[in-house]
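Asks: The chain contents come next:
Number of protein chains: 2
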Amino acid sequence: MKQTATDKIILASASPRRAELLRRLGLQFTVRRSEVDESGVTAATPAEQALLLARRKAEAVAAQEETGIIIAADTIVHLQGTILGKPAGYREAQSMLSLLSGRTHEVLTGVALIRQPEGYRAGHVETTRVTFRRLTEAEIGWYLESGEAFDKAGGYGIQGRAAVFVKKIDGCYFNVVGLPLAALWTMLTQAGGIKMVKGAGMNVNTAPDHQRPATE
Amino acid sequence: MKQTATDKIILASASPRRAELLRRLGLQFTVRRSEVDESGVTAATPAEQALLLARRKAEAVAAQEETGIIIAADTIVHLQGTILGKPAGYREAQSMLSLLSGRTHEVLTGVALIRQPEGYRAGHVETTRVTFRRLTEAEIGWYLESGEAFDKAGGYGIQGRAAVFVKKIDGCYFNVVGLPLAALWTMLTQAGGIKMVKGAGMNVNTAPDHQRPATE
Chain A
738 MKQTATDKII LASASPRRAE LLRRLGLQFT VRRSEVDESG VTAATPAEQA LLLARRKAEA
798 VAAQEETGII IAADTIVHLQ GTILGKPAGY REAQSMLSLL SGRTHEVLTG VALIRQPEGY
858 RAGHVETTRV TFRRLTEAEI GWYLESGEAF DKAGGYGIQG RAAVFVKKID GCYFNVVGLP
918 LAALWTMLTQ AGGIKMVKGA GMNVNTAPDH QRPATE
Chain B
738 MKQTATDKII LASASPRRAE LLRRLGLQFT VRRSEVDESG VTAATPAEQA LLLARRKAEA
798 VAAQEETGII IAADTIVHLQ GTILGKPAGY REAQSMLSLL SGRTHEVLTG VALIRQPEGY
858 RAGHVETTRV TFRRLTEAEI GWYLESGEAF DKAGGYGIQG RAAVFVKKID GCYFNVVGLP
918 LAALWTMLTQ AGGIKMVKGA GMNVNTAPDH QRPATE
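If you read the sequences in order, they're chains A and B. Residues in the first sequence are numbered from 738 upward in steps of one, following the working numbering. Residues in the second sequence are numbered from 738 upward in steps of one, following the working numbering.
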């Protein structure tokens, strides 16, 4: 895989977990924090909300970047009609984990991609179902003491200690961490951001960069 | 969570991925490589084979350790009646990935636990279904160039670049990496290896260590 100068990837996210996910694919990218006020944003469904927020983050960075492929994402934890945000403190985190215990919830990540200067835009929402086993009060206490709960939607991070809470998932695992990698890879390939070079770099397996329609 | 001196956990595995999984739970443990010849082992089903190999690894270490909780595991990749081992070279890895492309396979991990000196034994097999999207030849080439394929059953590691190949999983993600963490946690708790201490270390939520039957 080669990335040329025109394929600069910009991750519009301050999340260290998203950066870490991109890094393990061997992708070159830069990080731009997007300043978007998420508080007033509401949409008809969790999926629409995740995509709307991802788009706003991508647009905010696209307004400042003349070239490159901008990626933004927003992850939502959804249980029985309620969206679980980042817990404000110990008590809220505790009640979120009690709510998740023994139940299946959904994690939705909206991903927005903008390619500059063409203005090509693409969007995707990935949903993963996550089933927690029944947790004891003591286990919730053990988890909260680790401090892992407080900066994460739903009050847990699947990649840390909460791994032992998750009986099974149905869907993309990396979506639960914060970026649906297989779907993102396909989006990047379609946007011309991934160039596959086979063998000794002779067989470039990619569509021309500037002949793609601006689709959604 | 507290681990007392009698709860020494011994990981009977040379796999750096398994050690890394245990580490992120905050568990204290030591590693003992178990010398088991896997070549002649066959069983009626993939599940039985994974458990049999895990047990042999655990027994080999238990013969040398007088106290502690020994954990061993064996991971098998299974597709349409065939078990895919670690590829011997580039060509074999290439054909394994071609076989996995666009299909759903099973990853089975057998876990064996032995608690010494009591001789308490427990076993478990966890199965996760993994669905690959269709891969291009160039993508397989890109993956093989990374070198990640060669020391892994089935010719891929889900936690690295192959993340972008996996459309979805159904089951425990960590099982695919090499240890089913939720199931292992339950086994360790039942064996008395995890002591939950709630609040300021006052409420010990665990069964007495030496009153458990030697079950399978």
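Don't read these hints as lab results, they were simulated from the structure. For clarity, every value in this text was computed on a predicted model and none was experimentally measured. Take these hints with a grain of salt, some might be off.
The calculated lysine-lysine pairs, modelled on DSS-like cross-linking and capped at a C-alpha distance of 27 Å, are [claimed, not checked]:
no. : chain 1 : residue 1 : chain 2 : residue 2
1   : B       : 932       : A       : 932
2   : A       : 823       : B       : 823
3   : A       : 905       : B       : 932
4   : A       : 745       : B       : 932
5   : A       : 745       : B       : 745
6   : B       : 745       : A       : 932
7   : A       : 932       : B       : 905
8   : A       : 823       : B       : 745
9   : B       : 823       : A       : 745
10  : A       : 905       : A       : 745
Asks: Need the list of violated hint numbers for this structure, in ascending order.
Replies: 1, 2, 4, 5, 6, 8, 9, 10
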